[in-house]
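Our numbering applies: residue 749 is where the sequence shown begins, and numbers increase by one.
Hints were generated in silico from the structure; no laboratory data involved.
Quick caveat, the model's predicted, so the values are computed rather than measured.
Beta carbons: idealized from backbone N, C-alpha and C, even for Gly.
Where hints are given, some of them may not hold.
What the hints assert, rightly or not - Calculated lysine to aspartate or glutamate pairs in the DMTMM-like style (CA-CA distance at most 25 Å, straight line):
id, residue 1, residue 2
1, Lys1739, Asp944
2, Lys1560, Glu1393
3, Lys995, Glu972
4, Lys1585, Asp1526
5, Lys823, Glu1829
6, Lys947, Glu1025
7, Lys916, Asp992
8, Lys1819, Glu1842
9, Lys1308, Asp1270
10, Lys1038, Glu1056
11, Lys1680, Glu1601
12, Lys1217, Glu1243
13, Lys1642, Glu1666
14, Lys1313, Glu1303
15, Lys900, Asp920
16, Lys1680, Asp1805
17, Lys1819, Asp1270
18, Lys1100, Glu1081
19, Lys1560, Asp1526
As the list claims (entries may be wrong) - Label-pair restraints from in silico Cβ distances:
id, residue 1, residue 2, range
20, Asn1385, Gln1350, 42 to 48 Å
21, Lys1217, Arg1340, 53 to 59 Å
22, Gln772, Leu1702, 26 to 32 Å
23, Glu996, Ser835, 49 to 55 Å
24, Glu996, Gln1035, 31 to 37 Å
25, Ala1787, Arg828, 38 to 44 Å
26, Ala851, Gln1865, 31 to 37 Å
27, Gln1035, Asp1805, 34 to 40 Å
28, Glu1618, Gln1639, 32 to 38 Å
29, Ile1824, Gln971, 15 to 21 Å
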Amino acid sequence: GDLAWARDKLDTIRLVATRITEGQHLMTGMQEVFSRAVNTTPSDQQDSLREAMTALRNSWDQLNMDLNCVTAQLKALVARWEDFNDSRNKLESWLTETEQRLAEKHDTRAELGEMKTLLERFKHIQEEIESRRPDLDHLLEESVELSQCAKKDEAKKHTKELEARWDKLNVDCKAKRESVEREIQEHSTYQQSLQDTEKWLLQISFQLMAHNSLYITNREQTQEQIVQHDALLADIQRYQSTLDDLKEKGRSQIQRYVMATPDIQPVIERQLSNVQESYNSLLYTAQQIKARLSDSLAKFQQYEDTLESIMASLDECEPLVTQGVGDPLTLAEAQEQLEQARVVHNRLQGEKTRLAVAVQACEAAAACISRPSSPQDTAHAPIPDREIAVRVRLEDLIDQAQNRLTALTAGVSELEERDRQLASLGQWVADQRTQVTEWRARPAKLRSDAARAELTTMQEMLGTLGDKKMQLATESGAQPELEAQLDSLEDLLMETLAKKQGEQALIDEYRNSLANTQTYLDSLGKKLDTLERGSGLDCQHKLATLAEVGLELQEHGLPKVEQTKTLANNVIAVVSNLDSQQIEDQVKSIERRYNDVAKRVQRKAQVLAVTHKGLEAAQGEIGQAREWVREKMGFVNAPPPLGYENKATEERQQLLKALLKEAEGKQLLVESLDKRMQALHSELEPSEIQQVEGSLRLLETEVGELSGALKGEIERVGSAATQRKQFEDKLAAAQARLRDLATEDLDPIKEQPLTAAAVERELAHFKEFETSLKKFGDTDLAPLQKQANTLMRDCDEADKAKLQAVIQGLTKEYEGLQKKTHNKVTALADLLAGRRKFEVDVEACQAWMNEAEVALSAELRTANLELIQEQLNKYAKLNEECQRVGGDLAQLEKSGRQMVLSAPDLLTLTENFNCLHERHTRIAASIRDRTKALGTALEKCKEAQQRADQSLALFARIQGELKDLQKPIGSKVEDVQAMLDSYQKLLDDLKNWKNGVGDLEGVANLQSIVQQQEDLIRAIEDQLERLRQLLLLREQFIALIADITTFIARYTEVIRDIETGGHTTQEKIKKYDDVIVKIQECEALLAAATDKGEQIAAEGTAADRNTITEQLQSLKQQLTALRRAVERQRQQHEAAAAEHIKLAAELDTVLEWLHSHEAEVRSRPVLNIDVSSVQREQEKHKELAAEVEVYLARVRAAQESVRH
């Protein structure tokens, strides 16, 4: 079976073994009976009796042997299961720990040393995993056997799961290790690719500098150089794919490390950016050289084509320049000859510009692509003969064309001035005639200032016309056409001036009539204003004055309006549409003013009539309202009495509310009259308004006083009604409450309850009833009496008598009920005290019986002498208490027969006493039986104690030796081996003693002894396992220290060989990179050795820790010094290579500037005849020479730094 089954069976066997004493007791009794029976049995039956006894004794002995054998087998099976489970748990714990170690995230920070260290750790974990395979195989074999034994596959399945976890862990560790190896490979590949790219960039920069240093002066050399440069440019462009592959590797490095090491991204991106920028610079430089070569080729070709084109153009222009200058007859002929000469001159100037541009293009082409071997070489290329011939012929033709152009320009200017003056006069006449015609057709101006300005302009034009006629006669000779035009213009102007003056007189007459009409209407409006409020006239006088104003308006105002309309129609005929619209608006305004005055007179008459009628009506309504208010005020001031009934009070309240509504209606009447008077205020005089408002304020005050008195009376009656309503409700509630209380049974003579709880409940009920009755008297009846006394003050004699009779009857009924309740409560309190004493005595008997039954329910324990003696004392005490409880039961039964109970309670009491007597009898018998059984088991617990004491002595000795062995472990292998031997000897002693422990039966602390022995064995085995691991750890540590020491000695010589081997700078850098990689690998070994050394130091003494720390620190310092020496040498070589690149870049910059200004240095400026232009060119040349000298100084400085 499995572990649970084995433990269960072992517990069962142990239980059987504990009861062997009972069987032994029975066998002893059987032996005694057999001894007595064999002597009295006939001889023929004695043999069969002896055989039966022998068979029984043999069976008993066989049972003891089988019991011991099964116990040993079960213990062995349990131990095997426990060993299996312990080994399985240890393996499972190791798997969990190793899985967690593998699951930890490791940050290499993109450092090769960290990667090598991590790889070494994964190798160590892989070795540890492989070393656990034999333990796993042993567990698999054990699980198969135990599963077959238990006939269950749980152990096998669980072990299979551990095997699956081991396989997965092995695979994961291999995957991690391969991942780190791939990471190292990718990191190394990226670094190598970066170095190769930098070398290629340096080589290409040298080639481009060589291409940029050639000296080319003609088109054929340029074509040859283009072919060579195209091949180099194609190589550069193809190398972009290599850079893309390098970027991909760099991005891969960033993606791998950016989350754990964010600083890696800017570092790699800066490396890639530097490489790409260098490549882009090289590509841009190559493209610039390509562009300069192509541009130079085009400029050389353009120079040759331009010379041929200029020569052909000179052949065409020469006949036009050499022809003579004639005398032109007209301005058109002179202008035509001048335009031809200007075209020829401009064409020659253009050809001169083209020649200069072609020469500069040729010089720029040579300077753009040429790099002379010596920047100080100022020799110029010879000028071609074709260029000299073209330049001389062009200058000669330009001088001839300039002279002919000057002569023609002077003749054309004289003819143009005379024709311009005559055309200007003709144009003026035409413009003025158009202006006069426009004035004549234009309508008259309504505005006087505009009309006067127009007449003034016409008169000024008439004076100017006379001046023009005089000027024409004196300066230009006979011009009959112009003179006729001037005379016609003068006649038209005189007619227009007379027409405009007549129209203006008509407009002035209309304006005067309009002003007179408006003044008259304004005067009538002022008369109407005197009839407004505040004049001091009453309504009757205002109506008479208004009739006089209306008659005057009809007789004098209407004729004035008609006259103004007639003049307006005459003016509209001579003015513009806009002015006519204004005149129509003015006429409509006059008519509107007249109609407004007439309507105002009519409307004022109607308003005054309505106002007079409304004033008389308001005065009548005010008088009637004041009379009603005085009548109702008398009723409110002297009201009749209310009584004590709620119905009469409510009727009085309804009557007062009706009067209040009527008073509120009078208030609305006041507000209505007030609003009506507000509507009449605009037409009434202040005296009339004051008279009416005084009556209204008196009425409003009287109505307000009436409303206030009514509200106060309504509030008083409402409060009285509330009091009477509350009194009636409380009275009815008090009567109903007394009727409910009277239904309670208050008779003190009746059957008594059996239990104190029932009596207590009944007593509590009647006490609560008594409390509620007293509360009713205090909270309901007393306030009701006080309220009745208050109401009697507002009642007549009849109502007072009725109210007093009701209150007295209610008080008498309450006092009788209160007396009965007090008698009932006193009787129940006495009964409760007797019942409680009886129940306490019964419960004490029952409690003792419960405790006795609990004590007797436990099984007898015969494991040791102390337990048996303790149980005997306990049962003796129980026997004494049992006799005392029997006497108490008899006394309680006598008391129960004296109680007055109902039939059910009497039956219950009898049954309870019967049960108590039965339990008491049963407990007494059980105490006697157990006391007898314990007496026979007292002598059977002294036999097995001696062997148990011997076991404890052995365990104490072994624990002492283990305590002596608990000391720090030395750092040497021999120290660990000595401790291994000591622990192995102790383990052998314990296992030898373990074989005899199974014979101890009946000892109380047997399980404790077995457990202590198992704990000691397990502790020693754990210590042995730990010591074996420490032994392996020390051997690995010593091997790592030896490897690191050998590496340091070897690579110190390697560094010396690199410096003295005669290698180039790049080769030395590459070799130093390889050495750094090896040093990083050695640093990984040092990290592993440090981990192992720390583990060893943690188990050793302070001296061991100091020794290991000093040894590791010395190795670390030596390795760090070696790495710093390598890095220092590598940095020196890298600085030298970087300085070379910087000098190359400086030279490229200087040569680039010299190349860009070479055309300017080699070119010959085109000089003018004046001296100032020559001086300016000389200054420019000096400034250029100074700049060239500065750049040449930079070249000399670069050469000097190379020498050092």
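Here is what the structure says about each hint:
1. For the proposed pair Lys1739 and Asp944, the alpha carbon gap of about 70 Å is over 25 Å, so the pair is violated.
2. The hinted pair formed by Lys1560 and Glu1393 meets the criterion: a straight-line CA distance of about 24 Å does not exceed 25 Å.
3. Between Lys995 and Glu972 the alpha-carbon distance is near 36 Å, which puts this suggested pair outside the 25 Å criterion.
4. The hinted pair formed by Lys1585 and Asp1526 fails the criterion: a straight-line CA distance of about 37 Å is larger than 25 Å.
5. Distance check on the hinted pair: Lys823 and Glu1829 sit about 55 Å apart at the alpha-carbon level, beyond 25 Å; violated.
6. For the hint pairing Lys947 with Glu1025, the CA-to-CA distance comes to about 15 Å; that is within 25 Å, so the pair holds.
7. Only pairs whose Cα atoms come within 25 Å are accepted, and Lys916 paired with Asp992 is rejected, the gap being roughly 39 Å.
8. At most 25 Å may separate the alpha-carbon atoms for a hinted pair to count; Lys1819 and Glu1842 exceed this at roughly 34 Å.
9. Taking the CA atoms of Lys1308 and Asp1270, the gap is near 13 Å; set against the 25 Å cutoff, the hint holds.
10. Of the pairs offered as hints, the one joining Lys1038 and Glu1056 is violated, with about 28 Å between alpha carbons and a cut-off of 25 Å exceeded.
11. Taking the CA atoms of Lys1680 and Glu1601, the gap is about 18 Å. The hint holds against a cut of 25 Å.
12. Among the hinted pairs, Lys1217 with Glu1243 is consistent with the structure: their alpha-carbon atoms are about 19 Å apart, no more than 25 Å.
13. Taking the CA atoms of Lys1642 and Glu1666, the gap is near 17 Å; set against the 25 Å cutoff, the hint holds.
14. Simply put, Lys1313 and Glu1303 have alpha-carbon atoms about 18 Å apart, close enough for the 25 Å limit, and the pair holds.
15. The hinted pair formed by Lys900 and Asp920 fails the criterion: a straight-line CA distance of about 32 Å is larger than 25 Å.
16. Taking the CA atoms of Lys1680 and Asp1805, the gap is near 104 Å; set against the 25 Å cutoff, the hint is violated.
17. A hinted pair counts as satisfied when its Cα atoms are at most 25 Å apart, and Lys1819 with Asp1270 does not qualify at roughly 121 Å.
18. For the hint linking Lys1100 to Glu1081, the alpha-carbon distance of about 29 Å lies beyond 25 Å, and the restraint is violated.
19. Straight-line distance between C-alpha atoms of Lys1560 and Asp1526 comes to about 15 Å, which keeps the hinted pair within the 25 Å bound.
20. The beta-carbon spacing between Asn1385 and Gln1350, approximately 55 Å, falls outside the hinted interval of 42 to 48 Å.
21. For the hinted restraint 53 to 59 Å between Lys1217 and Arg1340, the CB-CB distance of approximately 55 Å keeps it satisfied.
22. At roughly 29 Å, the beta carbons of Gln772 and Leu1702 sit within the given window of 26 to 32 Å.
23. About 51 Å separates the C-beta atoms of Glu996 and Ser835, a value consistent with the hinted range of 49 to 55 Å.
24. Distance hint check for Glu996 and Gln1035: the Cβ-Cβ separation is about 25 Å, which falls outside the suggested range of 31 to 37 Å.
25. The hint said 38 to 44 Å for the Cβ distance between Ala1787 and Arg828, and at roughly 39 Å that hint holds.
26. The hint said 31 to 37 Å for the Cβ distance between Ala851 and Gln1865, and at roughly 35 Å that hint holds.
27. The hint said 34 to 40 Å for the Cβ distance between Gln1035 and Asp1805, and at roughly 45 Å that hint is violated.
28. Here the CB-CB span from Glu1618 to Gln1639 is close to 33 Å, well matched to the stated 32 to 38 Å.
29. Hint check: Ile1824 to Gln971, Cβ distance near 51 Å, so the stated range 15 to 21 Å is violated.
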